[in-house]
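**Student:** Letter by letter, the chains look like this.
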Amino acid sequence: MKNKLLGSAALAAVMAFGLPAVAQSPIKIGFVSTFSGPQAAIGEDMRRSVELAKEHLGGKMGGKPFEIIYEDDQFKPDVGKARSEKLVQQDKVNFIGGYIWSNVLLASYKPVVDEGDTILISANAGPSQIAGELCNKNFFSTSWQNDQTPMAMGEYLNTKGVKSLYLVGPNYAAGKDMLAGVKRTYKGKIVSEDFTKWPDQLDFSAELTKIAAAKPDGIFIFYPGAHGVQFVKQWAQSGLNKTVPLYQVFSIDAITLPQQGDLALGTLGAQEWVNDLPNEANKKYVADFKKKHGVYPSYYGAQSYDAIMLMASAAEALKGDLSNKDKVRAEMKKANFKSVRGDFKFGNNNFPIENFYIQETVKDPQGMMTVKTIATAVKDAVDPFAAKCPMK
Amino acid sequence: MEYLLLQVLNGVQLGLLMFLLAAGLTLTLGIMDLVNLAHGSLYMMGAYIAWTLIGLTDSFVLGALLALPAIFLLGVAVEIVVIRKLYARDHLTQVLATFGLILFFNELVRALWGPAGKSIAVPGFLNRTIEILPGVPYPAYRFAIIVVGALVAILLAWLVARTRLGMLIRAGASNRRMIGALGVNIELLFSLVFGLGAVFAGLAGLMSAPIASVRIGMGDDILILALVIIVIGGIGSIKGAFIAAMVVGQIDIVGRAFLPDILKTFMSSSAASGAAPAISQVMVYVLMAVVLVWRPTGLFGQRT
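Taken in order, these protein sequences are the chains called R and A.
If you're matching positions, the first sequence starts at 2 in this note's numbering and goes up one per residue.
If you're matching positions, the second sequence starts at 901 in this note's numbering and goes up one per residue.
Wrong hints could be hidden among the right ones.
Said to hold, decoys possible - Derived DEER-like restraints, expressed as beta-carbon distance ranges:
no., chain 1, residue 1, chain 2, residue 2, range
1, A, ARG984, R, PRO366, 55 to 61 Å
2, A, ALA1171, R, ARG185, 17 to 23 Å
3, R, LYS291, A, PHE1025, 33 to 39 Å
4, R, ALA214, A, VAL1084, 38 to 44 Å
5, A, THR1165, R, GLY162, 42 to 48 Å
6, R, PRO366, A, PHE1025, 27 to 33 Å
7, A, HIS991, R, HIS57, 15 to 21 Å
8, R, LYS87, A, GLY1035, 55 to 61 Å
9, R, ALA214, A, THR1165, 51 to 57 Å
10, A, LEU1065, R, MET369, 48 to 54 Å
Note that these hints are calculated values from the structure, not bench results.
Quick reminder that beta carbons are idealized off the backbone N, C-alpha and C, glycines included.
Could you build all of it, start to finish, from the sequences and the hints given here?
**Tutor:** Following this line, the structure appears as structure tokens:
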């Protein structure tokens, strides 16, 4: 009797103090991006979207509070790797999101996904290796595989009847994927393919002079962030904007447009998310972002917002209990949340199967530079490396 | 042929911008025996100050002209507050202190102007192309950089060769202690030289701003190339800096414009376009190594 009493007292004590303590141990999320140096504006856009997602979730996932630990990769693969290892080993985070740069993600990838306890969600970078032979059950993407966006652009150029194209991009993992991507689908003539030094080359006079001499029907570029600003400005100053149209991926967006200004008007690009996509989640995200910061969000931000929402969807389904990793992965694979790009499915390699749109650079009624959707380039696109991934 | 001419002009334009940056660096290193890693920060400050002044005056030319004395004052202030204490120290201390200045200026800019880059529009009257030969267009703004760069080079050559200040600068470059002993106010001379170097760096920064963008750390990448140029040209030699900058400008353009086509004659097309930027990136350093083996003090350096 005495024992029984003690037992129930202990049970009561556990119920009174023990369980709430477990329930309150917060979910930890690491977020790796570039918060210093020339590309810091991209990281800032992602951070704003992550904070907005946190606000929309009321600071809780599956009833549990969550905290976000931001780490700066300084735009360097070795720093990104060290920061990621710190998040896994020291902070013991449940999820790591972020990663703008393919070379940073490739360096950080193994130490995170091989650890087994942390799930990595790329909110931007999508190197071909990770979609193919290096695919891993601990990796998810809320963006795309690098080749896909330029492939969508290539398809559109075919329908538009652009006969010849000059390709220019930076000499690193993503640059190579992007130029290879447009070549996969574009059926016209590739006049030339130039790679420039990355990240230190910011002057494109030699390349633009070559383009002027080659007289192609169009230029295709991939220059993210600050580099996109330079290329577009120099393209316009060289007078080529009057003779050779510019087609781009990831080079003209909400982050670069304030600096590119009118020079970018009328240029076309491909993207899986545009700020005017007509779904409720997107309307709420874009309106609240604009209200808070006075500017449009970019796809970097949209993908980061989705990354947090994806984590939240798994936590909701499991009532905040993330201890069983198999269950967490299975819930994430369902992509059971309202994505700002509209609903999508995950492929066998955990990359989204999604639509890509063509966007045009315009001025909104208030005179602010932005992009708007003008066409759907491809529907439910599967990336070309999915078949190389051994996962089912 | 026209194509070749345009690419050479591109190289000249790049070389002149580099010369403006290298001139100040070679003066401070040659005359003051000071390793100044923060020279790139003055380049960045030139661009940011010009951005503010152009916004206030609503005129590119006026804003740029006002920015130059502002940069001069900034340079003199930095010299008095920080640099002056470093002359008696060894080079390692100077490297550490001026590296600290880089961090300081980058954070200062972040605090004052924010993390996002700024943009300076090309002035209206230069926002077009001009025909340098009939039927051969070239961006007017880039041509203006060549003109301004060449004028500054001539001005600097005159200043160094024909004026009293130039005489003191040359004397300082060959024997600092002696001109001090002869009663020259070394402190004032050093402040002036440092301020002058800052003006050239700031001018390069503000002129490159409309082509590139104004951003944090914009001077850090280009500083390394400027250091290579003054090593090739010979430390302390304006003439050497000019010639080395021109050579480096041309090498850079050749590497980007012609190397892929040359490589394609014996490599696969994709291998060539991948290898070309890597090779052109190291060509400048190969040149530096060759020059140093041949003339350890650089092309026009003081023999010791």
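**Student:** Quick one: which hint numbers does this structure break? Sort them smallest to largest.
**Tutor:** Hints 4, 5, 7, 9 not satisfied by this model.
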